[in-house]
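Peer 1: So you can see what is in the structure, the chains are spelled out below.
There are 2 protein chains.
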Amino acid sequence: MTTTTSRSTGGRPVVPSSSVLRPLGLDEVRITGGFWADRQETNRVATLAHIEHWLEKEGWLGNFDAAVEGRLPAARRGREFSDSEVYKLLEAMAWELGRRPDGELDARFDAIVRRVAAVQEPDGYLSTMFGRPGQGDRYSDLEWGHELYCYGHLIQAAVARARTGGDQLLVDVARRAADHVCAVFGPDGRQGICGHAEIEVALAELSRVTGERRYLDQAALFVERHGNGTLRDIEFGRSYFQDDQPVREATVFRGHAVRANYLAAGALDVAADTGDRDLLRAVATQWQNTVARRTYLTGGQGSHHQDEAFGEDFVLPPDRAYAETCAGIGSIMTSWRLLLATGEARYSDLVERTLFNVVATSPAHDGTSFYYTNTLHQRVPGAVAPADVASVRASSSLRAPWFEVSCCPPNVARTFASLAAYFATVDEDGLQVHQYADAQIRTALPDGTPVEVDVHTDFPDSGVVVLRVLRDTGRDWSLRVRVPAWSASARLSTGGETWSVEPGTAEVRRTFLAGDEVRLELDVSPRVVTADDRIDAVRGCVAVERGPEVLCAESLDQTVDDVAELVVDPSLPLREEQGLVIATGRRSAPTDRAWPYAESPRTDRDGQGGGSGPADELLDVVLTPYHDWANRGPSTMRIWLPTT
Amino acid sequence: MTTTTSRSTGGRPVVPSSSVLRPLGLDEVRITGGFWADRQETNRVATLAHIEHWLEKEGWLGNFDAAVEGRLPAARRGREFSDSEVYKLLEAMAWELGRRPDGELDARFDAIVRRVAAVQEPDGYLSTMFGRPGQGDRYSDLEWGHELYCYGHLIQAAVARARTGGDQLLVDVARRAADHVCAVFGPDGRQGICGHAEIEVALAELSRVTGERRYLDQAALFVERHGNGTLRDIEFGRSYFQDDQPVREATVFRGHAVRANYLAAGALDVAADTGDRDLLRAVATQWQNTVARRTYLTGGQGSHHQDEAFGEDFVLPPDRAYAETCAGIGSIMTSWRLLLATGEARYSDLVERTLFNVVATSPAHDGTSFYYTNTLHQRVPGAVAPADVASVRASSSLRAPWFEVSCCPPNVARTFASLAAYFATVDEDGLQVHQYADAQIRTALPDGTPVEVDVHTDFPDSGVVVLRVLRDTGRDWSLRVRVPAWSASARLSTGGETWSVEPGTAEVRRTFLAGDEVRLELDVSPRVVTADDRIDAVRGCVAVERGPEVLCAESLDQTVDDVAELVVDPSLPLREEQGLVIATGRRSAPTDRAWPYAESPRTDRDGQGGGSGPADELLDVVLTPYHDWANRGPSTMRIWLPTT
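If you're matching them up, the sequences are chains A and B in order.
Its first residue numbered 1, the first sequence is counted upward by one per residue in the UniProt record's numbering.
Its first residue numbered 1, the second sequence is counted upward by one per residue in the UniProt record's numbering.
Treat the hints as calculated values from the structure; they're not laboratory data.
You may find that some hints are simply not true.
Said to hold, decoys possible - One side only, chain A facing chain B, incomplete, derived with CB under 8 Å: (1) Ala292; (2) Gln306; (3) Ala488; (4) Arg491; (5) Ala531; (6) Asp532; (7) Asp533; (8) Ala537.
As the list claims (entries may be wrong) - Beta-carbon label-pair distances, calculated as ranges: (9) A:Glu41 to B:Arg190: 50 to 58 Å; (10) B:Arg519 to A:Asp620: 52 to 60 Å; (11) B:His53 to A:Thr251: 38 to 46 Å; (12) B:Asp628 to A:Asp233: 27 to 35 Å; (13) A:Thr644 to B:Arg509: 49 to 57 Å.
Computed from a predicted structure; not experimentally measured.
Backbone N, C-alpha and C fix where the C-beta goes; we use that ideal spot for every residue, glycine too.
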């Protein structure tokens, strides 16, 4: 296993001090067109301003002004963690500024930072929720208070700012907050942790930005304090905030799905920077079991509405999927770190699945409304969410512009703004491309060899990806591409040669010359998938995928009114027509019965039992990408379709 | 439709002033042996004292003393509705005293009543939670404060006392509380309702006990105020407390399943006493749709953990079933009232199903631990609940002795103590027997004709029920028996004649002589049942029932370690051996895969896909009554079994 020492190249959310692969930053990878470029543009022109508008409208930004003006707690609005949404917007803006300088956006960023900075107390404490007369004491409610969680997002915003340039006020604020945290919660301080992991990952990255080892040490302390009964017990159980088992001893993610992933990401950062292979292995095992047993087809994680938590193994109901957008983002954070630490393609497979089917599903096409939860089955047409009122999290509505708990919109924004940083890496051997989009890659190998590659593709519509080398290099190097597990077959060709490649990583090694092309052909033909028998909730059903996209049947595209009437015949081939995937099925017309359970061999006694089977006549079942659903008004939808 | 005017006969929880059937009370029906007599005896000797012990231990009884001694709110313990658990214990004790006089129990009852009564304020207000300095103002939180809910249980306890005799202090307390409620919330008073329905059903019954019409009018007011946005909105939505739609306009039960049923029961009481056929029809429609689309095979209701609520139609996951014990009891309350109002056997069918499979499932065999929720599928062996600490509601433990929210144990206790009152009715035409147990029925028809019948049966083990008339009567009358919908065939015989009867109601009419016997033979042979296709969560599965009992496979009885390994072949016959029902199946040995979804036609690529089918060798799948499960230590269990 080779290890690359990190360089200070900017524009990267995650910069482990040692890793198998070195991540490339926003100044090294630029997405120039296609699926993700469209979403980045919408994020830039619509989402950032939308979020800022709602933060003002709901008074969550105003809380900072109220603090300065002595109007707290009376004037405070929003939940205990509302400060963090402001910080996530700052982080999104910072990455966006790293992607593309913009004086007006920079001024808005600075204006918000000044409002935040004004609230910081001399000792570094910063919260609009605690510590004033009439408020709870500082750190009086570590289980639910979210103070350290808020610092975490503050610090992540500062890290983004530090790595993308511009005024450093936010970095100074974050350092003071981090110093304060180390003073209060250090080795000799209070043996506490936050009920919502996040500070860990943030302190580790701040340590990388600043070179301050004690921030990393503090992150490690917080990681290790989990699982020792550090927090009070709560109704959801101690697993809710991963205080049930030490991180090193757990075998699967459990409890609140966002908390679980954020903690895992933090543990991986600590493992990377301390060379702790045991900790890395523990989290890798948890990831593996979670992916094998607790993850939806979409990559979504978390099947409990009650506690936004992972269910037990194989409890993955499509119609009560929680699959919180933020849990998807947390999963990407975790998978990305595991990729950097190991170089294994399976981690990027999950990143791709989660990006296309969770993160891309959350925002509406116009970027101003969002799903907080991402159900896999909508039984009743959703209502149009109120335009001017924050919605509840898991409402049965279409996407909503804002939520009372609104972690997801700014989380999507920061992810889209920094997305290119998750696409490619280098090591001493060469360049690795993990995600596919029209892109420009301009970097150098650790020995200084400049590498310039353009990527041309219509992915995911097409499976053809052409990587064009723009510059001669004096040495041979390896261009590695990920062959996704979903591609039934794949071919790689260059210099007139073509060969089959297996899922995992495929490689072309040569002394590349300007103009050399490597062409990857993935099989994006639609495919029928079935689930492990132990996922009881989808027994007897199939789903259809195409390339990285999970497809769904939305009622608006069907010849029946409700997707509940669709039954698919998986023995008949899928067709592609005019950009749509079409399965063949039949119409099921279930009979309403007084009691929905019927005796099996002796049916239809007294109006009970029976229910007619599917009709004989074949019908088309039109399938479209799941991430596109619910953009045309109320509808019913299902990913898993019963078979005949 | 005939209508019987109610008489003041005691020992009945529900005495509509007019109804098609007149309920018989505890002084008219006595359960003398068998399944339910055993549970009544356990309730008497173990459960009542167990509940009293925990009410003392947790300080919920002590709250009343603390109120008198001026130690509130500092000394208050328990949740905002803890007073109600004390009242439910009183109600259970009162019914038990009506069932069987017991000086020691009567003294305990009186002692508790005195502690409660001492807290009542001069204007009738009574709460340990609100109204004192440092507490919330009276009725300042109708959404969650539960003050009126607590009065409801206080009044129901008083009604039980009034109808079973003994000291009347509690009745006086309840009247003062009811007068206070009328004064505060009357037509010209505050237009509020309680966030948890219960006061409605209680005031209606108090009106029947006291003859005070205004209690009924107040109940009607509360019923009608639902659905007008009377309460503030909450995250779970206004449907949570049935404030989303007027009772007359709703078409199905929705929101919190206990609240929904309690409100329905109250509305039916109002409908009965005001002759409001529209209101009766509205609730009957809601019941019908709820039973057809939102009820588990067990009779359990409520599929959401988050808000203890009904899910959308056909969302009935076995492994995330909530099926709260109290919701089952509420369902029985509603069904019983619908039976009295209409005489239709389907209501008693649901009462029977819910009694055997929800209410009987909640307590352990020894009557000192309980299920709050009643899952239909236990995937991971439950832990032994702590013996000395109140458990959370939906823990993954075996039954627990007590809960932080402990509504279910005393609710089971009051139901068991009054159970005989749900077994038989009379009308001008004769006697109706709705539930089967060894029992003595001693009553009179409305014209005074004495009717004395003994019931002999080994139900539910046997389907043979013999009804023996003990007394000549000078007139002919009709003995009607319910033929449950589950009985594939049934025969009735008397006087040497035998005839087949259909599910519903079967009748023998004659001038009975002492010693006449009517013999009902129900088919309790085990039967395989399937679910409506729209209940996606159990597609491809079957369940097995026997008589009124839903059966389950518990791991302790199987030759495999975990019920997840069982697959049933429904084409092979069920067998009965030594009291066990045995299905034939195969062992499924699912393959662990890195990703639990596999491409359908091209499986087993790279270790993904595939998974072996069930083994060839046949094995026995041992099925036992669901209500018996989890009495022998940790196990896995499932009611719905996948088929080959």
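Peer 1: Taking the hints in turn, state whether each one holds.
Peer 2: Outcome of the hint check:
no.: 1; hint: Ala292; in the structure: 6 Å, holds
no.: 2; hint: Gln306; in the structure: 4 Å, holds
no.: 3; hint: Ala488; in the structure: 6 Å, holds
no.: 4; hint: Arg491; in the structure: 16 Å, violated
no.: 5; hint: Ala531; in the structure: 5 Å, holds
no.: 6; hint: Asp532; in the structure: 4 Å, holds
no.: 7; hint: Asp533; in the structure: 5 Å, holds
no.: 8; hint: Ala537; in the structure: 5 Å, holds
no.: 9; hint: A:Glu41 to B:Arg190: 50 to 58 Å; in the structure: 55 Å, holds
no.: 10; hint: B:Arg519 to A:Asp620: 52 to 60 Å; in the structure: 59 Å, holds
no.: 11; hint: B:His53 to A:Thr251: 38 to 46 Å; in the structure: 39 Å, holds
no.: 12; hint: B:Asp628 to A:Asp233: 27 to 35 Å; in the structure: 31 Å, holds
no.: 13; hint: A:Thr644 to B:Arg509: 49 to 57 Å; in the structure: 51 Å, holds
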